[in-house]
Amino acid sequence: MQLRKLIQDRISAGNLNIYDRQGEHLLDTNIQREYQCIRNYILSHVKDSEVIAIKATKDYRYLLTVLACMEIGIPYIPMMVDYPEHRVEQIREDSHFKLLVTDDLLSAMVQNNSSGRELGPENPEATSYIIFTSGSTGKPKGVMIPRKALSNFMQWVGDEFTHVTSQDHMLQVTEFTFDIVLTDVGLFLQKNVHVHFSNFNSDLFRLAFEIESNAITTLSTVPNNLSMLLSDVMKDRVNLSKLHTLMIAGARFSYGLYNKCKSHLGTSIHLYNLYGPTESTVYSHGKKMTFREDEDCAGLNVTIGKTLPNVTAVVVKDGEVKKTGEEGELLLGGIQLLSKYMNDPEKTAQALIEFQGKTFYKTGDIAFCDPRGDYYVIGRLDDTLKVRGFRINLLDVDSYIHKLPYVEDCATIAIPHEIAENQTIAFLRLKSPKTVKEIKKDLLEYLLDYQIPEKMVMVESYPVNSSGKIDKKVLKENYLNSIKKTGAV
Amino acid sequence: MNKNEIMDKLAQTIRTVFENPSIEIKEATSANDVDEWDSLAHISLIEEVEKAFKVKFALGELMKLQNVGQMADLILKKSAK
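In order, the protein sequences belong to chains E and V. The first sequence lines up with residues 1 to 489 when you count with the numbering used here. The second sequence lines up with residues 1 to 81 when you count with the numbering used here.
Be aware that a few hints might be false.
Calculated lysine-lysine pairs in the DSS-like style (CA-CA distance at most 27 Å, straight line) [claimed, not checked]:
| no. | chain 1 | residue 1 | chain 2 | residue 2 |
| --- | --- | --- | --- | --- |
| 1 | E | K469 | E | K440 |
| 2 | V | K26 | E | K440 |
| 3 | V | K3 | V | K26 |
| 4 | E | K235 | V | K64 |
| 5 | V | K78 | E | K235 |
Calculated directly from the structure, the hints in this document are not laboratory data. Computed from a predicted structure; not experimentally measured.
Same shape as in the complex, but just chain V (with noise of 0.2 Å):
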């Protein structure tokens, strides 16, 4: 999977958990952005996230995550291995 691949189906993903087909997701979209990303659905989207992609991200990889497309790149370095 190329990087747009992988932002369309993160944005399908995002869309699904958050049950809210409308939501605009771009590389710079954050939590701060969407109405429904709170703590709690934080923890459920990088659940649902890992299966979609068969990737597991570690704590500190987590962490660092500021926005989408950060998410995209690591899914990106993960799955290239």
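Next up, chain E with everything else stripped away, as it sits in the complex (with noise of 0.2 Å):
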């Protein structure tokens, strides 16, 4: 797939039917022509081997950038409108990117009448995006995504979503730093579907309105928002009845989601399981459920289905691929894997390996494979967990509250969370008196959001190994035996 053409085609093509934040329906021309103002501002501003970075509102002039930037071929970096000045240091010390595309700057770029340079070579192999995700260091990750890569993934989406069609309208909730947000930008360029950009923060209220007043017929979202959609306080507010496909990921689908789609959204709808780390561009697996509990299930876990085209998975222990039905570590190969991540040769080798010949992405979840050829992920080798979606580990969070002068020691631990999937907790022991609030604020100078635990537990000491090390197994069962006791969740 030409990824230039497709976006060049898209643009020129008009009907473009883009609605911003405050729910305007876009002229055409006016989108093409904010569109040629930021390509043209980006091309006499960037050279195709320099990188930028766009932290921005999400909102249509995000989507033009990146559209930008995937027809042009230079590599962006997404941020959060919100991000923390720590974080886009470090990225920025990082990534030395040439230009911080913000909220102010792209009103300057829309006003913008240089007519840019030629377009470069479209090269398959140069990187199309680079998404920084948490390590367990402290430092992020940044995860680099050649355009052939990516172009697969756009075929796919092309190809998957046969039903889908220019009379159907998406709701753009997903920030434009998680990559689940690329198959909305699929649907868009290849469907043309009608955009509608969510002003949806956490408010699961503000979300059930938008897709109702909306129409919405299309969402891509993770498990925890789904399953608060349906759950009995919604469910006799909002109408979901539009909806006709939903795709879920970002996190495991669970077994009571499952039943509680198939009872309250009926069998007609086309649900799917979407599952992939960021590293193998995406998705490398996907399931539309048949609401029938023999293919969709085994047991309580339900299927994240079979390899997208030219994706390959393997699942091995020690050394060896185990046979169908038995655990192992998921293995992820073929044209959707990153390249590498950004100056971490260390990091990448320890993640990228060759195995029967091949390069192999090592995704560090427990999967198994049944006998159709359908793959189910049961958990994690290592202490990075899901929570609203996102990726954190729990390492890199105590090392950042480990910053903070007042706190003499800490850790965090995760409990399962009926809603959210897991909830964290951090137990802290500090040198001078603080309230949880003041603690949460002056976390979020170096964290984002989702990262800042739940909860924090003020404690005067903790459980310890056999090596003095903080005991975290026993103070998350002590923890957990503590609000079976108490009833409090």
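Using the hints, put the two chains back together into the complex; each one sits in its own frame.
Below is the structure:
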């Protein structure tokens, strides 16, 4: 697939049907003009070998900037508008981005009248985008995704969602830092869907309102948002009957949620369980639910389905490929793999390994494959987990909490949560008294909202293991026992 | 019920839902002021407030609420009908 041609054709064809965050239907001529301005501004300020970062409000201009980068062939780094300065600086040091596209700069860019420069050749090996994800050391890792990987993914979006058409309305809920947004971009480019930019942050009532009032038919979201939309308090308040395509990704799709979907949404809905680490370009696996339990589930596990075209997967333990039904680590190969972590050969070598003569990415996820070739992810090998669909690493969180001058010691654990999948709890030993609110405010300088532990408990001491380190396992057991006794959650 | 009575009952409901008897509730209090008041807790709170006051909020009304005082005004308006 020629990404450049796809974008050029879509923008010039018109009938763009983009609605901004205020709900205004934007004129094609305005979008086309702004697109050319943004594109030409980038062309005249950035060379093909350089990188840009985008730190702007999730709205149509963010989308236009992403599309312009994809058309030109300049790698972009997506950031959320409220990224803390500390994180922006870390990324700046790592990537040396040439341009930081902010809302203010975008306002100036769309007034740009320069004609830019000639486009360079389209190179499938060149980097398309770089997403920074949590590491375990307090330093985010830049996952570099080549254009050929993105093209393969876009081809799949075009081929898979044959029932989605220009009559459909899609709500853009996800931030551009979260790669599942690229499914929405693919549907805009190839299915000509109407795109509505959501104001949803964390208020689920707002999300429900936007789905209903915009007659949304197509939605990508994380399991906990769907779970809340189907909760008792929501279900007789929001009309989801127009929704016909739901793409669920970013965290484990539980058996309970599968059954809730079946009973609340009916079995005619196109419901997808999609899986994939950032390192294999959005999704490596996908399964459209048939709502036949023997096809969708194995026991209490819901399948992530088969690999996307040109993606390979093996389940490996102790250096050997496991047989059907046997558990092991999921390794991913094929065209959608990252090229490397930015400026980090050590982490790249740890994550990308040679196995049976081919390159594979070690996902760290424990999985098995059933006799039909459908995969199931059932756990993690390390301290990484998903909170509200975002990947976080508990050691990473601890390393930032330790930066606070009044923290003597800290240990963060995660406990299962019915809706949010995981709830994080930090146990802190302080040098001087602070309120939870003060601590959370200070952490916002270093951490993103979802990385900050939801609960904080002040302690005098910790359980320790035989080597004298904090025993998180015992800490978690003690905490779970204490909430069982009090009934608190 | 007048607004003061509604505020008192709202404060009680909030303290019960968040399991924290010491939360100070004023008209200007919002989710930003209370540690326990996150997006999940907000849903539980609305559910409990609706039960306590025997009212039902529409999605459009819920989205506009900025603080406890506005919630009390909305309850007052709905109870008067």
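Hint check:
Among the hinted pairs, K469/E with K440/E is consistent with the structure: their alpha-carbon atoms are about 25 Å apart, no more than 27 Å. Using a Cα cut-off of 27 Å, the hinted pair K26/V and K440/E holds, with the two alpha carbons roughly 22 Å apart. Only pairs whose Cα atoms come within 27 Å are accepted, and K3/V paired with K26/V is accepted, the gap being roughly 12 Å. Between the alpha carbons of K235/E and K64/V the distance comes to roughly 20 Å, so the proposed pair stays at or under 27 Å and holds.
Pair hint K78/V plus K235/E holds up; C-alpha atoms about 21 Å apart against a cutoff of 27 Å.
When the structure is compared with the earlier hints, no violation turns up for any of them.
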